[in-house]
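**Student:** Chain order of the listed sequences is H and F. Numbering of the first sequence is given in my numbering, commencing with residue 1 and proceeding in unit increments. Numbering of the second sequence is given in my numbering, commencing with residue 1 and proceeding in unit increments.
No wet-lab data here; the hints were simulated from the structure. Given the structure is predicted, the values throughout are model-derived calculations rather than measurements. Treat each hint with caution, since some may be false.
What the hints assert, rightly or not - A few chain F residues that face chain H, going by a derived Cβ cut-off under 10 angstroms, partial list only:
| no. | residue |
| --- | --- |
| 1 | 1 |
| 2 | 4 |
| 3 | 19 |
| 4 | 43 |
| 5 | 60 |
| 6 | 63 |
| 7 | 68 |
| 8 | 72 |
As the list claims (entries may be wrong) - Take a look, some chain H residues computed to stay more than 10 angstroms from chain F by CB distance:
| no. | residue |
| --- | --- |
| 9 | 241 |
| 10 | 322 |
| 11 | 323 |
| 12 | 326 |
| 13 | 344 |
| 14 | 386 |
Ideal Cβ positions, reconstructed from N, Cα and C, are used throughout, including at glycine.
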Amino acid sequence: MVIGELCGRDERGNVLSVDHQLYADPKVYEAELEKIFHAGWVLVGLEVEIPNPGDYTTTWVADLPVIVCRDEGGKLRVLENVCAHRGAMVIRGSGNRKVFTCIYHQWSYTLQGELKALPMEEGYHAERFSKSDYRLRAFPRVETFCGLIFAASDPRVPPVADYLGTAGDEVKEVLKGGALELLGMQRYTVGANWKLFVENTIDTYHAPLLHRAIQTNRGGYNFVPGMGRSHKFPNGHNMLKWALTGRAKEFDPRTDLPLTRCLSRTEGWNRSINLFPNTLVLNFEDVLSVRRLVPKGPDKVEMHAYVLAHKGEPEAVKANRAWVMASQLGIAGVASLDDKIAMELVQQGAAGRLKKTILLRGDIDADVGDLTEEQTLRGFWEHWAGVMEK
Amino acid sequence: MTVELLLRRESVVQYQVRLAALLDEQKYDDFVAEFTEDGAYRLIGRENHDRGLPTCIIDDTRDRLIYRSQLI
Chain H
1 MVIGELCGRD
11 ERGNVLSVDH
21 QLYADPKVYE
31 AELEKIFHAG
41 WVLVGLEVEI
51 PNPGDYTTTW
61 VADLPVIVCR
71 DEGGKLRVLE
81 NVCAHRGAMV
91 IRGSGNRKVF
101 TCIYHQWSYT
111 LQGELKALPM
121 EEGYHAERFS
131 KSDYRLRAFP
141 RVETFCGLIF
151 AASDPRVPPV
161 ADYLGTAGDE
171 VKEVLKGGAL
181 ELLGMQRYTV
191 GANWKLFVEN
201 TIDTYHAPLL
211 HRAIQTNRGG
221 YNFVPGMGRS
231 HKFPNGHNML
241 KWALTGRAKE
251 FDPRTDLPLT
261 RCLSRTEGWN
271 RSINLFPNTL
281 VLNFEDVLSV
291 RRLVPKGPDK
301 VEMHAYVLAH
311 KGEPEAVKAN
321 RAWVMASQLG
331 IAGVASLDDK
341 IAMELVQQGA
351 AGRLKKTILL
361 RGDIDADVGD
371 LTEEQTLRGF
381 WEHWAGVMEK
Chain F
1 MTVELLLRRE
11 SVVQYQVRLA
21 ALLDEQKYDD
31 FVAEFTEDGA
41 YRLIGRENHD
51 RGLPTCIIDD
61 TRDRLIYRSQ
71 LI
């Protein structure tokens with residue numbers, strides 16, 4: 001099976017349809033781990049999680065447990081959270097430490113992942129054992145961009161700024177250099193393939209159709225042809241962009257869409273940016289959020305959503321950002337709760353093995369269209385197919 | 001614990017069960033009617049609560065519960 005061929009492409013390479021099994025087949029998922037998640041750049045966290053030397057947090061790159069930490073010198077490290085002795089996960093949770101000690105036999109590692117000490121070392125014979133042969137495997141490449149921490153398993157990847165390219169310029173507009181404050185996390189699991197979560201976030205065709213809260217909203221967010229932009233960027237990155245529609249002064253709590261309570265600004269742009277593969281940067285009115293996807297098998301994905309503010313913003317703005325995020329785009333939000341159900345319905349439908357789930361809206365040959373076209377989705381899949389065919 | 005305290009606790013538990021039953025039975029108007037004007041319905045994850053961070057799962061006033069009930 002050549003996986004890339006399961007995308008239906010025209011003679012110019014535009015992806016016009018995808019086979020439903022690309023969301024469900026374990027063989028496809030295994031190949032994605034090898035070619036995408038354990039190869040190129042993947043988002044592993046945000047600098048705001050670990051601002052000080054010794055700070056660490058633990059997470060996953062798909063199936064692989066990792067430690068994301070800041071060493072004594074302030075340098076970011078991403079280590080496999082797997083003890084070199086018997087393979088136990090070394091630490092859990094987050095905090096601040098000088099060493100990482102495995103609970104099983106108390107082997108301890110430096111913040112750079114080197115084996116520092118082990119109990120009863122004299123019991124190992126020198127001809128068979130050297131401490132320096134054992135360590136936590138470090139990701140060879142770790143770089144940041146506007147406060148986002150990326151790691152790559154393949155040392156040959158280009159610098160992350162080059163990899164992001166034009167999409168990175170748009171991220172800069174949203175995250176303003178990365179001076180961010182964390183207002184909290186939302187973490188939840190969706191019973192759907194990780195690509196369905198990406199697609200849901202970069203598809204506005206569904207927004208006024210699936211979401212009753214948007215259908216019934218007075219003014220704004222009734223996405224219609226001609227409104228906004230759908231962009232396809234190089235390397236599979238993509239973006240939806242439309243003008244701000246916030247109406248803070250009129251907000252009626254009994255009738256209005258949470259998004260329409262906007263305190264931080266009166267003009268500008270909203271953006272939904274996907275950085276291939278697992279990063280989603282959202283700035284809808286007062287929502288400022290990064291969504292990090294962690295695939296957990298072909299039919300399950302974890303969402304780690306960072307709820308953010310810019311540093312130094314007024315308390316009222318911060319409070320509103322947290323409220324709008326939870327009420328609109330959190331797991332119990334009036335949009336994202338519907339999205340979870342829709343994604344899971346597509347996953348359930350994958351048993352039907354539909355050969356062509358279509359991506360035909362708008363101008364197929366253009367890199368830019370309006371919000372109801374699907375340049376975003378085609379751009380994602382065209383890059384995906386290219387990576388999977390390598 | 002005195003009998004009086006036990007009875008009071010039992011009445012609170014029974015009330016919580018009744019509220020949960022209203023949601024299970026999808027009687028949303030009746031659920032909202034249990035709230036006073038300044039009542040709030042707040043659900044926050046432990047991770048955020050422990051760190052003093054404001055992000056909730058649900059953070060609704062009575063008016064916002066009315067809003068939600070209209071969407072169903």
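**Student:** Against this structure, judge whether each hint is valid.
**Tutor:** Hints, one by one, checked against the model:
Annotation: interface hint on residue 1 of chain F violated; nearest CB of chain H at approximately 35 angstroms, more than 10 angstroms. Because the closest C-beta pair between residue 4 of chain F and chain H is about 37 angstroms apart, greater than 10 angstroms, the hint is violated. Checking residue 19 of chain F against chain H by beta carbon gives a least distance of about 17 angstroms; that is not within 10 angstroms, so the hint is violated. For residue 43 of chain F, the interface hint holds, since its Cβ comes within 10 angstroms of a Cβ in chain H; the closest pair sits about 7 angstroms apart.
Checking residue 60 of chain F against chain H by beta carbon gives a least distance of about 8 angstroms; that is within 10 angstroms, so the hint holds. For residue 63 of chain F, the suggested interface contact is upheld, since its CB lies about 4 angstroms from the closest CB of chain H, less than 10 angstroms. Because the beta carbon of residue 68 of chain F sits about 7 angstroms from the nearest beta carbon in chain H, less than 10 angstroms, this interface hint is met. Contact between residue 72 of chain F and chain H, as hinted, is supported at the beta carbon level, the nearest pair being about 8 angstroms apart and thus within 10 angstroms.
Listed as a non-interface residue, residue 241 of chain H keeps its Cβ farther than 10 angstroms from every Cβ of chain F; the least gap is roughly 25 angstroms. Distance check for residue 322 of chain H against chain F: the nearest CB is about 4 angstroms away, which does not clear 10 angstroms, and the non-interface claim fails. Distance to chain F contradicts residue 323 of chain H as a non-interface residue, since its nearest Cβ pair spans about 6 angstroms, not more than 10 angstroms. Non-interface status of residue 326 of chain H relative to chain F is broken: a Cβ of that chain comes within 10 angstroms, the nearest being about 5 angstroms off.
Every beta carbon of chain F lies more than 10 angstroms from that of residue 344 of chain H, the smallest distance being close to 19 angstroms; the non-interface claim holds. Every Cβ of chain F is farther than 10 angstroms from the Cβ of residue 386 of chain H; the closest lies at roughly 37 angstroms, confirming the non-interface assignment.
The earlier numbered hints that this structure contradicts are 1, 2, 3, 10, 11 and 12.
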